[in-house]
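Okay, here's what each chain looks like letter by letter:
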Amino acid sequence: MTKEELKITLTGLLPAATFEESGQWLNVKVSSSEWFNSAGLLRNQNTLQFDFLFCETCVDWKTRLTMVYFLRSTVLGHELVVKVDLDRDNPEIESVASIWRTAEFNEREVYEMFGVKFLNHPDLRLLILPDGWEGRNPLRKDFEDPVNMVKL
Amino acid sequence: MYSTTEIVKQSTAEGEMVINIGPQHPATHGVLHFVITLNGETIKKVEPHLGYIHRSIEKMCESLSYRQFVYVTSRMDYLSSHINNHACCLVTEQALQIELPARALVIRVLMDELTRLASHMLWWASMAMDIGALTPFFHAFREREMITDIFEDTCGTRLTMNYMVPGGVLMDLHPDFQKKVHAFINQFKTKLPEYDELVTDNIIFQNRTKGIGYLSRESAISYGCTGPVARASGVSCDVRKHFPYAIYDKLDFKEIIDTGCDSWARYKVRMQEMRQSLHIIEQLIDNIPEGDFQAKTKAVLKPPKGEFYSKVETARGELGVYIVSEGATTPYRIKFRSPGFSNLSALEHMAVGGKIGDFVAVMGSIDLVIPDIDR
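The listed protein sequences derive, respectively, from chains A and B.
Numbering (my numbering) for the first sequence: 90 to 241.
Numbering (my numbering) for the second sequence: 2 to 376.
Simulated from the structure, these hints should not be mistaken for lab results.
Mixed in with the good hints, there may be bad ones.
Quick list of in silico lysine-lysine cross-link-like pairs, DSS-like style, CA-CA up to 25 Å [stated by the list, open to error]:
#  : chain 1 : residue 1 : chain 2 : residue 2
1  : A       : 151       : A       : 92
2  : A       : 230       : B       : 303
3  : B       : 180       : B       : 192
4  : B       : 306       : A       : 118
5  : A       : 172       : A       : 151
6  : B       : 60        : B       : 190
7  : A       : 230       : B       : 45
8  : A       : 230       : A       : 206
9  : B       : 306       : A       : 151
10 : B       : 306       : A       : 172
11 : B       : 192       : B       : 181
12 : B       : 60        : A       : 230
13 : B       : 45        : A       : 172
14 : A       : 92        : B       : 306
15 : B       : 45        : B       : 356
16 : B       : 356       : A       : 206
17 : A       : 151       : B       : 60
18 : B       : 211       : B       : 45
19 : B       : 251       : A       : 151
20 : A       : 96        : B       : 192
21 : B       : 242       : A       : 92
22 : B       : 255       : B       : 190
Covered stretches of chain B (chain A as the covering partner; in silico rule of three or more C-beta atoms under 8 Å from a C-beta of chain A) [said to hold, decoys possible]:
#  : region
23 : 46-55
24 : 77-83
25 : 182-192
Even glycine gets a Cβ: it sits at the ideal position worked out from N, Cα and C.
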């Protein structure tokens, strides 16, 4: 499906979503409370079939955090970016590890790097960072580590 | 990652035992640590502990300019450094809409395919070594040495090349490049059947890899697997075919897909891929266009505000580079979608229910490069 067709289909499915087309792909913004249901629709709807979550990450905008999900359909070949804004002081979002298994590791990485809490995640703990780093999130913009960080 | 005191854990469940593989184990090819729960010889649980060589490359890149950050990525997947550099240059070129001269495109593809060959050779050598055959290592390194020599002539380095820059390549090819590549092609063509004789046709090797590490097509997609791991499960996912970059859409090569879903299928896919890479190099080596090897670019690169993503096919799968630009000289946020990370996450799924003796044969078939996973 092209960007326009995707937009029309998605407007019908997710009435509360907002769209942005300036980039390479169609960007859809949904709220964190709707995200889990929307994800299920994107994965299972026959006309969409987004079965491949090829990248999942987070961006710290200093006033809010934005989760970014990159989806592709291996059947239909189209791609989509979904964004979910989160409260920076208390970021919480439903985990999608039950829909795409790859999310399990990716969400653990986002959890330790950005401090986003994933609800109903099968095993939410540190993945890359050593024990005792809980609460200090290196990829946040205000992270300071005078011992390990070399400023360029 | 676990602190050192917890490296040996005692399991409480009856009849179960916990063993640690790594962090320093010859079969992990780097510092990777697995905590495996066993019942007898059967694997019940595999828990990878990562981060022993985490350098926070993503954070580091936030303070590096668009020319500088390319260099750091050679240190991610050090066996595919040309291809990593290529991905980073593509994203900058896409953001600034830089057109590349034909010569640069051909040089890039040639370097990428030589890298893929070198990487697959190292994988072949180490997979055979993991399973117990030491000789193939010396065979593969004989040919791999020729490729690293070719790289050294042109790029000055043998492993972390840093040869591709936004706009093209850093310098022109060495005068001996074509001669040496021809010599390599001739040598490799005679030696590839020898590889098959030594390992592929070896009944011991086949028995040790067939039917183990099963990864179904659905699981491969769900776990986000790419590259030979996914293609051996019947997923068509070659970025060079589906989202062609450089001049891959004009080249004649096949995407290798196997539906065996086991370690043996993954082995066969990579062996066939080597032949395809060789075929690509043969098409290009006598047809390198004359002209500039670098487009004219500004000294300071300032991509516009926005988000950019580029993907390439490394020897291990799809490498994606996601950049959020605020219009400054450094990226606001950068994310590397590394193929090894997703492939590793499927390892538990492949290994559980199998025997501990087969674990190394499963792990070898995924072709893990640890710095690519930890970043």
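Going through the hints against the structure:
{"no.": "1", "hint": "151(A) - 92(A)", "verdict": "violated (30 Å)"}
{"no.": "2", "hint": "230(A) - 303(B)", "verdict": "holds (21 Å)"}
{"no.": "3", "hint": "180(B) - 192(B)", "verdict": "holds (18 Å)"}
{"no.": "4", "hint": "306(B) - 118(A)", "verdict": "holds (19 Å)"}
{"no.": "5", "hint": "172(A) - 151(A)", "verdict": "holds (16 Å)"}
{"no.": "6", "hint": "60(B) - 190(B)", "verdict": "violated (43 Å)"}
{"no.": "7", "hint": "230(A) - 45(B)", "verdict": "violated (40 Å)"}
{"no.": "8", "hint": "230(A) - 206(A)", "verdict": "holds (18 Å)"}
{"no.": "9", "hint": "306(B) - 151(A)", "verdict": "holds (17 Å)"}
{"no.": "10", "hint": "306(B) - 172(A)", "verdict": "holds (17 Å)"}
{"no.": "11", "hint": "192(B) - 181(B)", "verdict": "holds (16 Å)"}
{"no.": "12", "hint": "60(B) - 230(A)", "verdict": "holds (9 Å)"}
{"no.": "13", "hint": "45(B) - 172(A)", "verdict": "violated (37 Å)"}
{"no.": "14", "hint": "92(A) - 306(B)", "verdict": "holds (21 Å)"}
{"no.": "15", "hint": "45(B) - 356(B)", "verdict": "holds (9 Å)"}
{"no.": "16", "hint": "356(B) - 206(A)", "verdict": "violated (36 Å)"}
{"no.": "17", "hint": "151(A) - 60(B)", "verdict": "holds (15 Å)"}
{"no.": "18", "hint": "211(B) - 45(B)", "verdict": "holds (21 Å)"}
{"no.": "19", "hint": "251(B) - 151(A)", "verdict": "violated (44 Å)"}
{"no.": "20", "hint": "96(A) - 192(B)", "verdict": "violated (53 Å)"}
{"no.": "21", "hint": "242(B) - 92(A)", "verdict": "holds (21 Å)"}
{"no.": "22", "hint": "255(B) - 190(B)", "verdict": "holds (18 Å)"}
{"no.": "23", "hint": "46-55", "verdict": "holds (count 3)"}
{"no.": "24", "hint": "77-83", "verdict": "violated (count 0)"}
{"no.": "25", "hint": "182-192", "verdict": "violated (count 0)"}
In summary, the numbered hints that this structure violates are 1, 6, 7, 13, 16, 19, 20, 24, 25.
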